[in-house]
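Those protein sequences? They're chains A and B, same order as listed. Here this note's numbering is used: the first residue of the first sequence is 1, the next is one more, and so on. Here this note's numbering is used: the first residue of the second sequence is 326, the next is one more, and so on.
Think of the hints as simulated: they come from the structure by calculation, not from any bench. You may find that some hints are simply not true.
Okay, the calculated bits of chain B under chain A, using three or more residues with CB under 8 Å as the criterion [said to hold, decoys possible]:
hint: 1; stretch: 468–482
hint: 2; stretch: 671–685
Which residues of chain B face chain A? A few of them, derived with a C-beta cut under 7 Å, are [claimed, not checked]:
hint: 3; residue: GLY451
hint: 4; residue: SER456
hint: 5; residue: ALA457
hint: 6; residue: ASP507
hint: 7; residue: GLU510
hint: 8; residue: ASN513
hint: 9; residue: PHE514
By construction, the Cβ of each residue, glycine as well, lies at the ideal position given by its N, Cα and C atoms.
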Amino acid sequence: MAQMTMIQAITDAMRTELKNDENVLVFGEDVGVNGGVFRATEGLQKEFGEERVFDTPLAESGIGGLAVGLTLTGFRPVMEIQFFGFLYEVIDSISGQLARQSYRTGGRYNAPVTIRSPFGGGVATPEMHADSFEGIVASQPGLTVVIPSTPYDAKGLLISAIRDENPVVFLEHMKLYRSFRQEVPEEAYTIPLGKADVKREGTDLSIITYGAMVHESLKAAEVLEKEGHSVEVVDLRTVQPLDIETIIASVEKTNRAIVVQEAQKQAGIAANVVSEITERAILSLEAPVLRVTAPDTVYPFAQGENAWLPNANDIVATAKKVLTF
Amino acid sequence: MAAKQVKQFDPVKTLHSIEEQFEMFQILNEEGEIVNKDADPNLSDDQLTELMTRMVYTRILDQRSISLNRQGRLGFYAPTAGQEASQLASHFALEKEDFILPGYRDVPQLIFHGLPLHMAFLWSRGHYLGSAYPEGLNVLFPQIIIGAQYIQAAGVALGFQKRGIKAVAMTYTGDGGTSQGDFYEGINFAGAYRSPAIFVVQNNQYAISTPRELQTAAKTLAQKGVAAGIPSILVDGMDPLAVYAATRDARERAVNGEGPTLIETMCYRYGPHTMAGDDPTRYRTSDTDNEWEKRDPLIRFRKYLEAKGIWNEEKENEVIERAKEDIKEAIKKADAAPKQKVTDFMKIMYKGDMPFNLQEQFELYTEKESK
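Could you put together the complete structure from these sequences and hints?
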């Protein structure tokens, strides 16, 4: 076992799969010699050569189209979109093409593509870099959307994503890249897509969340614990499809839930989670399911982001409303 | 008096000197005469009659498809008459292992690459089995998003290159398609990787109603390849020999590792954009129509082949009858396709297990559809 940051775990997952399957290709803007703007592909070109790990011209739509074409010749592309804020440049390739490829070809050409991309706030990026656009891709049938919150999960989930036969959008929260280290096995292991993880067990309230908000939720749970509330934190890990079983089991145990996401209230995954709970477990509920989200404005310029992003205090406040309902 | 200043740079001159290079390449003129003997691809008599057969067949397929559409027996249809040389002579230079990424008007090339006709009809009707192509057929379904196939072709070409396969990715768009970002990204990516792709622009003069002149200030569409650093050529798209020769040349260079080529074929679509209500009289004059019809690829090729003594009315009628018979059979086969079920759509969304949400809906629809 080694201590790894999330970005090291991500690099390690790609290295594992480049070794494991010669059809795996890694490409994107600056991923070669430079090792990626965050160094996620550090050393991979050197180790596996320019045929397998390569730079592309600067055009996101082109990168997506390249991935489509490479699947038609039997490759398993791992494409990097340098920042997920650039999604709009490549949305046709992802939602209009890759997500529909199996359907359009009657199942003949599935699209085993992993779309890796950094996203998320709190690191003072320029505009159109930090947005949480997972809700946009999650609404497109044909795509799986994964958002890890720890180094261990990141490696196991990324290996699963690369081995998956269908397109997976794998979103890496920039603030988590180097925020902490964790024991990560050096060998290959997988974490199934579509499975949530209970990051903290509790009996009075379920906080259902994902990405960087897992850590804010864990902080909030600590605070609430001191005030006598036992809080469970469910990390979705895959936001499409949702792990209904784990969500419902948690809510049926605690009878109270809040859903936390970094994305705006109108934009993310939380509304789906609330709907599923309402459809499936309304009789278990002692209180309305509330959401903690960012407000419905565009993502603010860097200096304003800390005032805008949801945090542990917001989570504690909303949790108390539900706990005392 | 100061000496007259000599201008050190002249971007206007640079542009003009590039544009002047793009003269239209022609081998067979409107009268069916060889005007460029040195460039004659010297096809055998069998090859010439085969190419003529395909063009006649496709003209009939077009006429029948239009009337089948009017009878409500076909769905989406984009007429092809006028573009036979651009479509079929370019395809004639390909091999089976080459991969075609077509636009929605490029169904004839797919058929001659091996697509069963009834599947083309099923696709037109919007039946999911219409694009469930058989194994070994190296084509993608016709692309609806204008230009998306260009970047995908760059990907297929890169894949061939990485695997050391001596084959090309061939893709088609129209004059309007050259205004899309994906057009530039496609030719630029393939150029940067020197991948074996052939990019054909069938310049049929109108993108639905918008005339070619409104798409770009560029004098030719072929010259856009210069910006991507790839060889480009402007071809008389009504001349089967010129289109064939240009494509064969492009293919040769591609499989020899010399990278992609852009081919602009000057042609015309006689019919409407699609059969979904487009009325060309709103944006074209009959004078223009007549002008282009004189350049018809079938007329000039027929003259050429008849002069060689390898084509006659009897042969043409045989092809026409065979086409009609095939179409009748294919429609019958399409009519016999199973009724579409939502559970069928669900089964082909993903390879392997369905995600939980879809599984649940699958059970619901299985029950609904069993009633």
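The hints, checked one at a time:
Counting residues of the stretch 468–482 of chain B whose C-beta lies closer than 8 Å to any C-beta of chain A gives 10; at least three are required, and the coverage claim holds. A stretch counts as covered by a chain when three or more of its residues have a beta carbon under 8 Å from one of that chain; for the stretch 671–685 of chain B and chain A the count is 10, and the coverage holds. For GLY451 (chain B), the interface hint is violated, the least distance from its beta-carbon to any beta-carbon of chain A being 12 Å, above 7 Å. Of the supplied interface hints, the one on SER456 (chain B) holds, with its beta-carbon coming within about 5 Å of a beta-carbon of chain A, less than 7 Å.
For ALA457 (chain B), the interface hint holds, the least distance from its beta-carbon to any beta-carbon of chain A being 2 Å, beneath 7 Å. At its closest, the beta carbon of ASP507 (chain B) sits 6 Å from a beta carbon of chain A; the interface hint therefore holds under the 7 Å criterion. Checking GLU510 (chain B) against chain A by beta carbon gives a least distance of about 4 Å; that is within 7 Å, so the hint holds. With 7 Å as the threshold, the beta carbon of ASN513 (chain B) comes within range of chain A, its nearest partner Cβ sitting at about 6 Å, so the hint holds.
With a least beta-carbon distance of about 5 Å to chain A, the hint placing PHE514 (chain B) at the interface is held under the 7 Å criterion.
Of the hints listed earlier, the one the structure fails to meet is number 3.
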